[in-house]
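K.L.:
Take a look at the letters that make up each chain.
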Amino acid sequence: MKFLLSVAFCFVITINLFAQNDEDLSGRKAPNFKLINLDGKYIELNKEVGKGPILISFWATWCKPCLEEMVEYNKLYSDYKDKGFTLLAISTDAEKTVAKVKPYIKSKNYTFPVLLDSNSEVARKYYAQQMPYTVLIDKNGNIVYSHLGYMKGDEKKVEKLIAELLEK
Amino acid sequence: MKTLNFIPIILLITFLSPNLSAQNNKDWFLLPDGLGLSNQLEYSYNIDNKVEIFENWLTLDYNKNIFSAGIRFEAFQPNDPDPSISRGKVRYADIAYKYFAVDVGDVEEGLNITAGNFYELFGRGMILKSYEDRNIRIDNNLLGVKVEGNYLGFSLTALSGSATNSNNDRKDILHAVDFSYGGFDIIKLGTTYASNQPEIDGIARTSLASFRIQPSYWNFDGYAEYGTKNNKDIQTNAFQNSESKIGEAFYGSLNFYYDAFSIVGEYKYYDNYAFTSSDGTIFYNTTPSLRKEYTYQLLNRHPSPLDQSNEEGYAVEVNYNFSDETSVVANYGITQTLPTSSYFQRVNNISLPIATQLKEVYLQATHSWNESFTTIAAFGYNEELSTNTKNFTPILENKFYFDDINTIKLVLEHQQTENLSTLEKYYDDVIAIEYLRSPNFNVSLVTEVQTKEPEEGKTIRKVWSFVQFGYKLGNHTDLSLLIGSRQAGNICIGGICRYEPAFQGVELKMLTRL
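Residue numbers (my numbering), protein chains in the order written: chain A, 1 to 168; chain B, 1 to 514.
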């Protein structure tokens, strides 16, 4: 009984600590990373920061919601890339499915940068324990939004935030 | 049953809490600059066997300029009673992961040193894949030192570390080095060497070495890696020193893509290539398993576990997009055991014929009828050796988006199973109805019915059913609550599977990130 009470106590405290309304955007500095893209070239986050908002999308080829989300993010990329917006799609496909990443991206004709994080080193830095996971970074390199999972409509809020960041 | 009296109280407080805290000043919770935090809590209570499991992972990281450090505090009180899951952490509360790292330079010329716990993957995991996957409760992190350097296209990683065995002890020491060159546009080269040093003197080391190439030209990409395994004791005892190695492995893949079409072909040959600690409870490597990763429930019901010591096979997958609205995926794969001439059979002094371990076919078509309605039709067939079953599985999924933020999803799965040992035939049906409301809420009802006919005219039906709620608390916390019963099954990721027994009760999960 004591144990359950302590579980309940920890639970409630945790929720109270971290519950926020929609306008509460955190300002954690985005951890830097270096990853290889589909052409085998290194991309470093710090070299992309400063140009405009950066959307980092953690995904995998076996994750159905990720593939749905990617269709919507591709539209955002087409609409905002010329205004300084950057999309970095980080594939967490491990040794088993990493061979399928490039063929999938090419067959969909996606043109945004896709990076390979085969052992989830970067996903761990961003606490992306489940897929899909989205992180939005402002031009100062601060995380202003993060979101786990994908439901149709989630992209609306992301688009609103991107537009706001581009205006700043 | 007394315990369950607390559940409604916990839930009530849970759902009241966000409203209370939303009234607070938004700035008070902001973490100091450079600090990151994540907490994952999982609690379950099984009504049937009155088993309670509480698991919590709290991670703290701090980044400042070129320095970073972090800890992970784990509490399992009590842990899962299955020793293959708890792995020596039955009642455990301690810092299980800690590190300090310095990272200087950039992508052209840089150096990274990590002291403490770390993970690492070389190539496609043929020799080393140290990783954590909480879904299948695997964590073979290494405790030691890792140094990574890159200069003008050359990359070098050297490490020395020790992983925990099934008793949560770190005994053997792993030494490994990986060297690669990526300066050419059309080809990349790499080589890996790793050696396990047993804790006990007098036992020979096990060493693995491999060489890999990764060519890329026009719309073709390839990958090939060949490796060998050595152990002087086994070379002497099993082969009287007539062989220069005790195992070997090859993995290759070739991709081609053109416009809306792509094809991936993969081949594997793993002969006595599992790389373990001397007690056999730590697996250092995880080779590509060439098994299809499924997201539907019944397709994972009869999985085939990866056997890095005794496998040969191939897999082919084709993708074609007829238009933005219509696409198809077709996959075929086969895995067989090795012949009597293999290192595996000779080292273990056995003589077994080649057997088909897994044969699988998967077809999937997706079509969006309009902006509001999408249908996925899929069919899976597999023959699996460890359960000795044949399984036919048709699936139909419909998604209806009835405005910008509301979705209803209906998934129907049917699986016809034939047990080749007992000749028993039975079938399973799963119906899942899900309502999703972006961005905060989803609820799903999942029911499974298994129908068996042990004698003609006598039908036995078993039913499992659960309801699952998902809710986002603010921007950083995800909550999931499951109530009901679910069938025993396997959670499989990358060919590594964890068996989950049948469950009836309450399961609560909460994930927070800051």
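Mixed in with the good hints there might be a few duds.
[Claimed, not checked] Derived Cβ-Cβ restraints for the label pairs, each shown as a range:
hint, chain 1, residue 1, chain 2, residue 2, range
1, B, V443, A, K156, 17 to 25 Å
2, B, L352, A, D79, 53 to 61 Å
3, B, N237, A, Q130, 24 to 32 Å
4, A, E167, B, V463, 52 to 60 Å
5, A, D79, B, V443, 27 to 35 Å
6, B, T422, A, K156, 22 to 30 Å
7, B, S323, A, D79, 17 to 25 Å
8, B, F441, A, E167, 39 to 47 Å
9, B, E453, A, K156, 29 to 37 Å
10, B, K458, A, Q130, 40 to 48 Å
Simulated from the structure, these hints should not be mistaken for laboratory data.
Heads up, the beta-carbon is just placed ideally off N, CA and C, and yes, glycines get one too.
K.L.:
Falls inside 17 to 25 Å, the C-beta gap from B:S323 to A:D79?
P.N.:
This hint holds: roughly 21 Å between Cβ atoms.
K.L.:
If I claimed the Cβ atoms of B:L352 and A:D79 lie 53 to 61 Å apart, would that claim hold in this structure?
P.N.:
holds (59 Å)
K.L.:
Using the Cβ atoms, figure out if B:T422 sits within 22 to 30 Å of A:K156.
P.N.:
violated (53 Å)
K.L.:
Against the range 27 to 35 Å, how does the distance between the Cβ atoms of A:D79 and B:V443 compare: consistent or not?
P.N.:
holds (32 Å)
K.L.:
Note whether the CB distance of A:E167 and B:V463 lies within 52 to 60 Å or breaks it.
P.N.:
holds (55 Å)
K.L.:
Does the hinted range 40 to 48 Å hold for B:K458 and A:Q130 at CB?
P.N.:
holds (43 Å)
K.L.:
Taking 24 to 32 Å as the hint, is the beta-carbon distance of B:N237 and A:Q130 inside that range?
P.N.:
With Cβ atoms ~46 Å apart, the hint is violated.
K.L.:
Is 17 to 25 Å right for how far apart the beta carbons of B:V443 and A:K156 are?
P.N.:
holds (21 Å)
K.L.:
Take the C-beta atom of B:E453 and the C-beta atom of A:K156, compute their distance, and say whether it sits inside 29 to 37 Å.
P.N.:
violated (50 Å)
K.L.:
Quick check: does the Cβ-Cβ distance between B:F441 and A:E167 fall within 39 to 47 Å?
P.N.:
violated (30 Å)
Checked against the numbered hints above, the structure violates hints 3, 6, 8 and 9; every other hint is satisfied.
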